[in-house]
Amino acid sequence: MNLSYYAKKRITDIIISIIMLALLAITLLPIGWMVFSSLKSSTDIAIGRVGLSHNVEGKVDIRWQNYVDMWKNVNFGLYLRNSLVICGFTMFFAMVFATFAAYALSRFKFPGADLFSNATLATQMIPMIMYLIPIYIMFVKFTMMTGIPVKGTFPGIILIYSAWFLPFSIWILRGFFAAIPKELEEAALIDGCSRLRVFWHIALPLAMPGIIATGIYVFLNAWDELMFAWVLTSADTMTIPVGIRLFVGNYQNRFDLMMAAATVATIPVVVLFFLLQRHIVRGLTAGAVKG
Amino acid sequence: MKKNGKSLWYRIKSNSFAYYFILPTLLAMLFLHLSPIVQGIYMSFLKLNQFTLQQYLLAPFVGFENYYKVLIDAQSPIRIGLIEAVRNTIIYTVVVTFGTLAMGMIVALMLNRKFFGRSLVRTFFLFPWIVPTYVTGLLWGIIWLKEGGLVNVMLVDWLHILPFKPSWLSGPNTMWAIIIPTIWRYWPLSMLMLLAGLQTIPDELYEAADIDGASPWRKFWMITWPMLRPVWFILILFGLIYNTYSFNIVIMMFGFGAGFPGEWGDLMMTNIFRNSFQLWNFGTGAATSVLLLVVMIAIVNVWFRYFKQAEELR
Numbered sequence: 001m002n003l004s005y006y007a008k009k010r011i012t013d014i015i016i017s018i019i020m021l022a023l024l025a026i027t028l029l030p031i032g033w034m035v036f037s038s039l040k041s042s043t044d045i046a047i048g049r050v051g052l053s054h055n056v057e058g059k060v061d062i063r064w065q066n067y068v069d070m071w072k073n074v075n076f077g078l079y080l081r082n083s084l085v086i087c088g089f090t091m092f093f094a095m096v097f098a099t100f101a102a103y104a105l106s107r108f109k110f111p112g113a114d115l116f117s118n119a120t121l122a123t124q125m126i127p128m129i130m131y132l133i134p135i136y137i138m139f140v141k142f143t144m145m146t147g148i149p150v151k152g153t154f155p156g157i158i159l160i161y162s163a164w165f166l167p168f169s170i171w172i173l174r175g176f177f178a179a180i181p182k183e184l185e186e187a188a189l190i191d192g193c194s195r196l197r198v199f200w201h202i203a204l205p206l207a208m209p210g211i212i213a214t215g216i217y218v219f220l221n222a223w224d225e226l227m228f229a230w231v232l233t234s235a236d237t238m239t240i241p242v243g244i245r246l247f248v249g250n251y252q253n254r255f256d257l258m259m260a261a262a263t264v265a266t267i268p269v270v271v272l273f274f275l276l277q278r279h280i281v282r283g284l285t286a287g288a289v290k291g
Numbered sequence: 001m002k003k004n005g006k007s008l009w010y011r012i013k014s015n016s017f018a019y020y021f022i023l024p025t026l027l028a029m030l031f032l033h034l035s036p037i038v039q040g041i042y043m044s045f046l047k048l049n050q051f052t053l054q055q056y057l058l059a060p061f062v063g064f065e066n067y068y069k070v071l072i073d074a075q076s077p078i079r080i081g082l083i084e085a086v087r088n089t090i091i092y093t094v095v096v097t098f099g100t101l102a103m104g105m106i107v108a109l110m111l112n113r114k115f116f117g118r119s120l121v122r123t124f125f126l127f128p129w130i131v132p133t134y135v136t137g138l139l140w141g142i143i144w145l146k147e148g149g150l151v152n153v154m155l156v157d158w159l160h161i162l163p164f165k166p167s168w169l170s171g172p173n174t175m176w177a178i179i180i181p182t183i184w185r186y187w188p189l190s191m192l193m194l195l196a197g198l199q200t201i202p203d204e205l206y207e208a209a210d211i212d213g214a215s216p217w218r219k220f221w222m223i224t225w226p227m228l229r230p231v232w233f234i235l236i237l238f239g240l241i242y243n244t245y246s247f248n249i250v251i252m253m254f255g256f257g258a259g260f261p262g263e264w265g266d267l268m269m270t271n272i273f274r275n276s277f278q279l280w281n282f283g284t285g286a287a288t289s290v291l292l293l294v295v296m297i298a299i300v301n302v303w304f305r306y307f308k309q310a311e312e313l314r
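So the sequences go chain by chain: V and F. Taking our numbering as reference, the numbering of the first sequence is continuous, increasing by one, and the terminal residue is 291. Taking our numbering as reference, the numbering of the second sequence is continuous, increasing by one, and the terminal residue is 314.
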């Protein structure tokens with residue numbers, strides 16, 4: 001059979017598209033399974049009955065009720081609030097400090113700049129648990145000495161989170177500042193603008209999209225953090241990843257509610273991501289392509 | 001010499017603005033990064049457990065006893081568990097890092113063509129990467145269930161590939177049970193970065209290769225792969241670091257955050273965490289993490305050196 005160049009190309013295109021759609025289906029299947037499981041009954045998941053649950057009369061029973069019960073079974077509302085508070089403040093503090101530091105690093109060749117930026121990068125190599133052991137013991141000891149509770153409070157975990165996400169934020173924000181042309185700022189300086197005014201009125205507004213994208217990225221990462229939260233929060237300040245485990249444990253096995261809660265915990269992340277997808281993608285890939 | 005000293009002082013003075021700007025970060029780095037690391041290294045020489053916890057840095061100094069327990073003492077239960085964790089972590093890290101890279105590369109190449117709905121498809125492919133890792137762990141805990149789990153339903157009930165239902169969350173199968181979800185969660189990020197890299201490769205290179213009659217395979221290895229060097233350098237570097245320190249997915253999958261991952265699922269992080277915060281052996285926990293850090297620094301250095309050498313050879 002003698003196919004023309006274009007016919008061959010077209011057939012390859014169709015085959016690739018089919019493979020791609022199959023891959024897409026496999027990729028999305030687990031997420032679909034999560035939502036599907038959240039609408040079944042707990043017993044059906046536990047004994048491994050496939051398909052939707054049925055009620056006593058043998059009718060198909062899509063259990064939307066799970067999305068109501070999950071708030072009552074464990075105090076999921078509290079965990080959601082805690083996660084929002086902790087991640088929100090973390091995002092704020094990390095962004096304020098990181099913006100200052102990233103601006104300084106991208107605009108000034110000051111003695112120690114290389115050491116400082118290398119040190120921030122090097123922190124990425126250190127295992128989290130190496131911080132957690134001393135910090136946990138420090139917190140316990142501090143409370144013993146002063147009587148001020150730190151472990152299990154919002155300020156304690158927010159402080160640790162902000163510091164933890166700081167190096168990473170500086171690294172990404174530097175790229176955004178570096179992309180802003182210096183000429184604007186130099187012109188303003190010649191016109192007699194003070195350094196601070198130049199930063200506040202010129203550099204900051206131009207970098208704002210980048211700062212917001214980085215902030216969202218920090219928020220998403222803090223939302224996903226388990227190890228620090230596990231050790232450093234208490235029953236009142238527990239975040240979602242710590243609290244969601246309570247659906248399955250010594251007293252109950254509510255897989256259905258757990259999957260409902262997992263779905264609910266994923267929704268804010270998905271919404272935030274899709275709202276700011278373009279910025280986040282650009283911020284992440286800019287560094288990679290430049291090398 | 002004198003002039004040099006003067007110019008350094010001058011440079012510090014003239015950049016005072018920058019120092020004010022990095023001051024808050026500098027303080028955070030000193031007190032919340034450097035100080036815990038130094039303390040952690042010191043703690044690895046202390047007998048630090050739930051009884052001596054309150055003595056903090058004044059806990060009994062035991063020299064290298066923790067390191068002896070971790071590395072040499074054949075009787076110590078910590079060492080026995082750790083050997084398995086090290087083996088699992090090596091397999092897991094290597095397979096996940098290169099698995100995500102391969103998967104990301106394949107899909108990036110597929111997406112790097114013009115077709116209808118391309119940006120929509122790309123967005124949908126990003127979906128797993130948005131799912132929080134703890135949700136990934138919980139979710140796959142359900143998917144791997146022996147009875148009624150998605151994998152067994154598909155393989156046995158629908159496609160009849162396997163004659164029996166294997167149990168995925170115990171025994172050597174556990175290795176797959178932790179590797180596959182991690183690749184599933186992270187490959188979209190590789191895809192995104194590689195795709196961005198692919199779009200910077202000029203078309204002329206491929207056109208020239210077409211004229212020479214190069215096969216697609218040859219074009220990939222002679223053009224695409226070398227041109228994507230900066231991207232996969234970073235992806236492999238971060239893959240090695242982050243996967244070695246992987247924690248959330250594994251800890252959430254077994255017993256939904258309460259169980260032990262077993263001898264084929266336990267990783268370094270879950271091992272040290274259990275050691276430190278469930279068995280309260282802070283001293284050995286610190287010693288293990290110091291060793292892990294040393295190994296990590298060595299790996300990163302080797303990778304950088306290899307890359308530099310390859311760069312010079314070009």
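These are calculated hints, taken from the structure and not from any lab test. Among these hints, one or two may not hold up.
Stated by the list, open to error - Heads up, simulated PhoX-like pairs for lysine-lysine below, C-alpha to C-alpha not over 25 Å straight-line:
| hint | chain 1 | residue 1 | chain 2 | residue 2 |
| --- | --- | --- | --- | --- |
| 1 | F | 13 | V | 109 |
| 2 | V | 8 | F | 114 |
| 3 | V | 9 | F | 146 |
| 4 | F | 165 | F | 146 |
| 5 | F | 219 | V | 8 |
| 6 | V | 9 | F | 47 |
| 7 | F | 146 | V | 151 |
| 8 | F | 219 | F | 114 |
| 9 | V | 109 | V | 182 |
| 10 | F | 13 | V | 182 |
| 11 | V | 151 | V | 141 |
| 12 | F | 47 | V | 141 |
Claimed, not checked - Selected chain V positions facing chain F (in silico; Cβ < 8 Å):
| hint | residue |
| --- | --- |
| 13 | 23 |
| 14 | 31 |
| 15 | 35 |
| 16 | 120 |
| 17 | 129 |
| 18 | 168 |
| 19 | 171 |
| 20 | 259 |
| 21 | 275 |
| 22 | 277 |
C-beta: ideal position from N, C-alpha, C; glycine also.
Each hint tested on the structure:
{"no.": "1", "hint": "F:13 - V:109", "in the structure": "holds (12 Å)"}
{"no.": "2", "hint": "V:8 - F:114", "in the structure": "holds (16 Å)"}
{"no.": "3", "hint": "V:9 - F:146", "in the structure": "violated (44 Å)"}
{"no.": "4", "hint": "F:165 - F:146", "in the structure": "holds (6 Å)"}
{"no.": "5", "hint": "F:219 - V:8", "in the structure": "holds (18 Å)"}
{"no.": "6", "hint": "V:9 - F:47", "in the structure": "violated (69 Å)"}
{"no.": "7", "hint": "F:146 - V:151", "in the structure": "violated (39 Å)"}
{"no.": "8", "hint": "F:219 - F:114", "in the structure": "holds (19 Å)"}
{"no.": "9", "hint": "V:109 - V:182", "in the structure": "holds (14 Å)"}
{"no.": "10", "hint": "F:13 - V:182", "in the structure": "holds (21 Å)"}
{"no.": "11", "hint": "V:151 - V:141", "in the structure": "holds (10 Å)"}
{"no.": "12", "hint": "F:47 - V:141", "in the structure": "holds (16 Å)"}
{"no.": "13", "hint": "23", "in the structure": "holds (7 Å)"}
{"no.": "14", "hint": "31", "in the structure": "holds (6 Å)"}
{"no.": "15", "hint": "35", "in the structure": "violated (10 Å)"}
{"no.": "16", "hint": "120", "in the structure": "holds (7 Å)"}
{"no.": "17", "hint": "129", "in the structure": "holds (5 Å)"}
{"no.": "18", "hint": "168", "in the structure": "violated (11 Å)"}
{"no.": "19", "hint": "171", "in the structure": "violated (12 Å)"}
{"no.": "20", "hint": "259", "in the structure": "holds (7 Å)"}
{"no.": "21", "hint": "275", "in the structure": "violated (12 Å)"}
{"no.": "22", "hint": "277", "in the structure": "holds (7 Å)"}
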